[in-house]
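Protein chains: 2
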Amino acid sequence: MERTCRNGTLRLSDAGKQVTLIGWVSRRRNLGALVFVDLRDRSGIVQIVFDENLSPQVKEVRSEYILQVTGTVQERGQHNPKLATGEIEVHAESVKIINSAETPPITIADDTDTLEDTRLKYRYLDLRRPVLQNNMILRHKICMIARNTLDAEGFVEVETPILARSTPEGARDYLVPSRIYNGKFWALPQSPQIYKQLLMIGGLERYFQIARCFRDEDLRADRQPEFTQIDIEMSFVDEEDVWHIVEKLMQDIFRGVKGIELEDQFVRIPWAECMKKYGTDKPDLRFGNEISDITDLFENTEFQVFKAVRENGGEIDALKFEHAAALYSRKKLDQLQDFIKHGFKAKALAYLKMEKGEISGSIAKALSEGEKEALKERLCMQDDDLVLIVADKAKIAEAALGALRVRLGRELNLIPENVYKFLWVTDFPMFEWSEDENRWVAQHHPFTAPKTEDVDKLFSDPAHVSSRAYDLVLNGYELLSGSIRIHDQELQAKVFESIGLTMEQAKARFGFFLDAFRYGTPPHGGVGIGLERLTMVLAGTENIRDVVAFPTTNSSMDLMSESPNVVDKAQLDILGIEIKDEVKKA
Amino acid sequence: MERTCRNGTLRLSDAGKQVTLIGWVSRRRNLGALVFVDLRDRSGIVQIVFDENLSPQVKEVRSEYILQVTGTVQERGQHNPKLATGEIEVHAESVKIINSAETPPITIADDTDTLEDTRLKYRYLDLRRPVLQNNMILRHKICMIARNTLDAEGFVEVETPILARSTPEGARDYLVPSRIYNGKFWALPQSPQIYKQLLMIGGLERYFQIARCFRDEDLRADRQPEFTQIDIEMSFVDEEDVWHIVEKLMQDIFRGVKGIELEDQFVRIPWAECMKKYGTDKPDLRFGNEISDITDLFENTEFQVFKAVRENGGEIDALKFEHAAALYSRKKLDQLQDFIKHGFKAKALAYLKMEKGEISGSIAKALSEGEKEALKERLCMQDDDLVLIVADKAKIAEAALGALRVRLGRELNLIPENVYKFLWVTDFPMFEWSEDENRWVAQHHPFTAPKTEDVDKLFSDPAHVSSRAYDLVLNGYELLSGSIRIHDQELQAKVFESIGLTMEQAKARFGFFLDAFRYGTPPHGGVGIGLERLTMVLAGTENIRDVVAFPTTNSSMDLMSESPNVVDKAQLDILGIEIKDEVKKA
Chain A
19 MERTCRNGTL
29 RLSDAGKQVT
39 LIGWVSRRRN
49 LGALVFVDLR
59 DRSGIVQIVF
69 DENLSPQVKE
79 VRSEYILQVT
89 GTVQERGQHN
99 PKLATGEIEV
109 HAESVKIINS
119 AETPPITIAD
129 DTDTLEDTRL
139 KYRYLDLRRP
149 VLQNNMILRH
159 KICMIARNTL
169 DAEGFVEVET
179 PILARSTPEG
189 ARDYLVPSRI
199 YNGKFWALPQ
209 SPQIYKQLLM
219 IGGLERYFQI
229 ARCFRDEDLR
239 ADRQPEFTQI
249 DIEMSFVDEE
259 DVWHIVEKLM
269 QDIFRGVKGI
279 ELEDQFVRIP
289 WAECMKKYGT
299 DKPDLRFGNE
309 ISDITDLFEN
319 TEFQVFKAVR
329 ENGGEIDALK
339 FEHAAALYSR
349 KKLDQLQDFI
359 KHGFKAKALA
369 YLKMEKGEIS
379 GSIAKALSEG
389 EKEALKERLC
399 MQDDDLVLIV
409 ADKAKIAEAA
419 LGALRVRLGR
429 ELNLIPENVY
439 KFLWVTDFPM
449 FEWSEDENRW
459 VAQHHPFTAP
469 KTEDVDKLFS
479 DPAHVSSRAY
489 DLVLNGYELL
499 SGSIRIHDQE
509 LQAKVFESIG
519 LTMEQAKARF
529 GFFLDAFRYG
539 TPPHGGVGIG
549 LERLTMVLAG
559 TENIRDVVAF
569 PTTNSSMDLM
579 SESPNVVDKA
589 QLDILGIEIK
599 DEVKKA
Chain B
19 MERTCRNGTL
29 RLSDAGKQVT
39 LIGWVSRRRN
49 LGALVFVDLR
59 DRSGIVQIVF
69 DENLSPQVKE
79 VRSEYILQVT
89 GTVQERGQHN
99 PKLATGEIEV
109 HAESVKIINS
119 AETPPITIAD
129 DTDTLEDTRL
139 KYRYLDLRRP
149 VLQNNMILRH
159 KICMIARNTL
169 DAEGFVEVET
179 PILARSTPEG
189 ARDYLVPSRI
199 YNGKFWALPQ
209 SPQIYKQLLM
219 IGGLERYFQI
229 ARCFRDEDLR
239 ADRQPEFTQI
249 DIEMSFVDEE
259 DVWHIVEKLM
269 QDIFRGVKGI
279 ELEDQFVRIP
289 WAECMKKYGT
299 DKPDLRFGNE
309 ISDITDLFEN
319 TEFQVFKAVR
329 ENGGEIDALK
339 FEHAAALYSR
349 KKLDQLQDFI
359 KHGFKAKALA
369 YLKMEKGEIS
379 GSIAKALSEG
389 EKEALKERLC
399 MQDDDLVLIV
409 ADKAKIAEAA
419 LGALRVRLGR
429 ELNLIPENVY
439 KFLWVTDFPM
449 FEWSEDENRW
459 VAQHHPFTAP
469 KTEDVDKLFS
479 DPAHVSSRAY
489 DLVLNGYELL
499 SGSIRIHDQE
509 LQAKVFESIG
519 LTMEQAKARF
529 GFFLDAFRYG
539 TPPHGGVGIG
549 LERLTMVLAG
559 TENIRDVVAF
569 PTTNSSMDLM
579 SESPNVVDKA
589 QLDILGIEIK
599 DEVKKA
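As you go down the protein sequences, you meet chains A and B in turn. In terms of my numbering, the first sequence opens at residue 19 and continues consecutively. In terms of my numbering, the second sequence opens at residue 19 and continues consecutively.
No lab work stands behind these hints: they were computed from the structure. Heads up, the beta-carbon is just placed ideally off N, CA and C, and yes, glycines get one too. Be aware that one or more of the hints could be misleading.
As the list claims (entries may be wrong) - Restricting the straight-line Cα-Cα distance to at most 30 Å, the calculated cross-link-like pairs of lysine-lysine (DSS-like) are:
| no. | chain 1 | residue 1 | chain 2 | residue 2 |
| --- | --- | --- | --- | --- |
| 1 | A | 525 | B | 587 |
| 2 | A | 202 | A | 603 |
| 3 | A | 114 | B | 475 |
| 4 | A | 202 | B | 139 |
| 5 | B | 202 | A | 587 |
| 6 | A | 394 | A | 350 |
| 7 | A | 394 | A | 294 |
| 8 | B | 512 | A | 139 |
| 9 | B | 587 | A | 202 |
| 10 | A | 159 | B | 266 |
| 11 | A | 587 | B | 525 |
| 12 | B | 525 | A | 598 |
| 13 | A | 598 | B | 202 |
| 14 | A | 294 | A | 413 |
| 15 | B | 413 | B | 439 |
| 16 | B | 512 | A | 587 |
| 17 | B | 525 | A | 602 |
| 18 | A | 602 | B | 602 |
| 19 | A | 512 | B | 114 |
| 20 | A | 525 | B | 139 |
| 21 | B | 411 | B | 350 |
| 22 | A | 598 | B | 587 |
| 23 | A | 603 | B | 603 |
| 24 | B | 603 | A | 525 |
| 25 | A | 587 | B | 598 |
| 26 | A | 598 | B | 603 |
| 27 | A | 512 | B | 139 |
| 28 | B | 202 | A | 602 |
| 29 | B | 602 | A | 587 |
Stated by the list, open to error - Pulled from the structure, derived: some chain A residues nowhere near chain B, Cβ distances all over 12 Å:
| no. | residue |
| --- | --- |
| 30 | 34 |
| 31 | 71 |
| 32 | 95 |
With the rest of the complex left out, here is chain A:
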């Protein structure tokens, strides 16, 4: 179909040109004998002026009709600075109505507050909104850059199966019944982890895949049942090699889509230090306000609360905010205390304020002059500073202050926009204790290598085994997880044992994978980068549905196609399965 250029690309320099455009009617206004139409295509919007005598059919045209217009570009009487094409308009000479439209159930021109459920039901109309189209284009660009960078670095993209084997560890699998082998099932992969390690054993050396992953979890706002991972694995590497590739990738992506030059090497901080300083393994480094451990200042304290915490092996931690004392009333501080009591099981929140060189606040009277002086010095307290203090078990105190750090950072506008702070968190613990299962579980996954120097503590002291796992954090979000993997069969078997898998269980679940280690496995490691998360950060949205073409609700329902849905009994019969009676009755 004839079309000489894209609507959104026309500029004043095009004035005088004859053009043929195609697009959807975004708005139509009649003004005497003139009809003004905003015509939208993927590139943007341009104003068309029709003479109703010349094109009488245009008076019938409504929103979302599709028109093909031939006309001449002319400078506008009044420029519209809100529109990229705002300096010009197109004076129509002829028009053809390509298709008509009923009144759409959502308005595309205004970003009005249509209910999200309505927008999901009519997703094909919601996708006409420029902001969503631009997010799709952004996501595409990120993938193009990632692929070209990885290709240039010698990586080969390999597609791994979606119909895979169920290896229950971590989240729940989606299952697929087999028609040929009734009673047997595939699982949709939670990640290509085992396949990519097999590709390293297969000698591919450098693999990547922009891979679909599936987790049947109870969804949170930032999750979808299926999601995409930029999945990378490399042989003959240590941590530095992996980090270098990821840094290169991020530099290329941020340069390509934002024109931003990132630093050569990202900050690195071991997990234990990260938890102490920020109370989280996903700290937002766009602002400071680190947690200070002030336990040592109260060695001989007579303040009973601090004394008791010290005697029970707890910790006293403080967080200082400048120019904040006057902004936090007693009532607000009570709300903060409620927040950490309910969210983090902290017993209490103490606070101090500095006013005219004097310390006041909830515990000011309980502290000695010496303690107050020591505090002033340690925290460099100035007038109008607010200091929040939690004395509790170390984990609780750090987590509570970590959360307060983020909350006050937002409330006090300490977080600059359009700043991107990356951070490698390293040396994660190998295991964490699962209260539910009453056993140690792998913190990352059971293929992660322990630090060599900690291998002999696998059974004697699992709590203090560090792993070769690492996360990349961006502005407080976990962007990726990765690790150097185990490449030794015996060590892999030991790690399975240490998380309570017997050799029989390990063989039943991962037998083929353990077997593969016997024939010359290279040292290897990699990462899985959350594509939706990365796109969300770059698009500046906190709603994952803004970066997914056809998203589901939080309960995994696609409102547009109404799936999942019922199927014919005949379809189930050939799969050898049936719906349980109690489900049918319900």
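Got chain A sorted already, so can you dock chain B onto it with the hints?
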């Protein structure tokens, strides 16, 4: 890990350099105090020479051990022309054993005839064979080129859901039970067809996706339960626009991976003509030997067989092969007759041979001199020509001769290698009659637009409605299918009706999709290119498992991970399904 270059890249010009290499031991040979090792990495193989006094541990090394070697590149005494690195060898100064290996169950160095089942079970070892690695790299290259070409042409890659709605039409769906909505199911998509059309309705204008597709079919040798499609859709286009993009794509791919310049525009031939000339809609154009309809030569024949066929509205078709008369004995020709009797329900195969200007053969005596002369002239018969004739219903005669054309083309070595002949087959019939279902079914799929001039025959004469569907054929293989789609709600409803779907059924299955047509749907069309097929042609293999990293057997079983497999009852319970009693008992 230290590694200065890749094994397969070393050349005579590197002589004198000190290098550090890593790789798998492909072979080891001891020769007095010297040990020769072929060290393999993804780039290739290089010969390393060890002095056993300097590196005594090398005598212990076996196949598939991983070594890190530092040494000096030197010219070989005798060059090995079979190896890219055959002019040099590396004299080792030091070696480190990175990992050991048990004796592998398949030999990687020789392409010996290991049973395919054993190779599938140890796929991670089979993948170490250079031929498979190169196929994976080829597949990756094809995708890289496709993405870069489509990106440059303004296409946006969009990921569409894998957890989709079941829309039973065509092959069987794989189903996924829902945990949250017990009794409901998703289907894995047979293609992104509906989603990509919704993206056009959503204003994306140019979409592509290298998309995973799933069909639960009884597999043939060239099928896998999951496969990949380069999926393309465009708005505001007709056939020419789509073909132009596909031609550009193929030109870029063939230039990029083969260094071959394809023709500017591919040959086009309407379906009906194609069937008449080649007896198939997937003709191999690397050789001629077109079918000739010679029915008209026998208008007044007295040969009863031909006469009867003519009177029943049948057709007499002939196929000529030069220099073939002497090569086809009576016995061989009987075999050809059996072949078309069993495979194509043809009643008989007649043949004629030309020897010293005289026609002989099975029906020579039954033909008049005039008919023989007319045949000579029509078919330009020369000495030693073989002519095969089938007189039957037109469909049967064409199909039988089409198959013989390919068979004799191969037997007579008429098909040149390294030649790539593309062909657009156009104007497919809209419907075909399904004997099984006793109704007309869509030949392509029910979203394909009928030719405008045939719309009024949808109900009155469905057999003669042509569609705007097209295939691209390469060397006898169907590389892609595509069509211009319906973009009008009423016409879409009519087409559903014409294949026997009531409005209620159509709404139940495709309601949301029909709804979407109401709000300004652009004219659109596209294609789905079979990535495995394209890679197979470029890799020169006829086994789909050679271009898939982790393939299944013909019965959809992954012998490596043994999937599908049984799962815990608890996993089924939370999905609200159970295995049918008769399956459990079996």
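So, going through the hints one by one against the coordinates:
no., hint, verdict
1, A:525 <-> B:587, "holds (20 Å)"
2, A:202 <-> A:603, "holds (26 Å)"
3, A:114 <-> B:475, "holds (27 Å)"
4, A:202 <-> B:139, "holds (19 Å)"
5, B:202 <-> A:587, "holds (11 Å)"
6, A:394 <-> A:350, "holds (23 Å)"
7, A:394 <-> A:294, "holds (20 Å)"
8, B:512 <-> A:139, "holds (25 Å)"
9, B:587 <-> A:202, "holds (11 Å)"
10, A:159 <-> B:266, "holds (21 Å)"
11, A:587 <-> B:525, "holds (19 Å)"
12, B:525 <-> A:598, "holds (28 Å)"
13, A:598 <-> B:202, "holds (12 Å)"
14, A:294 <-> A:413, "holds (9 Å)"
15, B:413 <-> B:439, "holds (25 Å)"
16, B:512 <-> A:587, "holds (28 Å)"
17, B:525 <-> A:602, "holds (24 Å)"
18, A:602 <-> B:602, "holds (21 Å)"
19, A:512 <-> B:114, "holds (25 Å)"
20, A:525 <-> B:139, "holds (16 Å)"
21, B:411 <-> B:350, "holds (24 Å)"
22, A:598 <-> B:587, "holds (12 Å)"
23, A:603 <-> B:603, "holds (25 Å)"
24, B:603 <-> A:525, "holds (26 Å)"
25, A:587 <-> B:598, "holds (12 Å)"
26, A:598 <-> B:603, "holds (18 Å)"
27, A:512 <-> B:139, "holds (25 Å)"
28, B:202 <-> A:602, "holds (11 Å)"
29, B:602 <-> A:587, "holds (19 Å)"
30, 34, "holds (25 Å)"
31, 71, "holds (26 Å)"
32, 95, "holds (29 Å)"
In terms of the numbered hints stated before, the structure departs from none.
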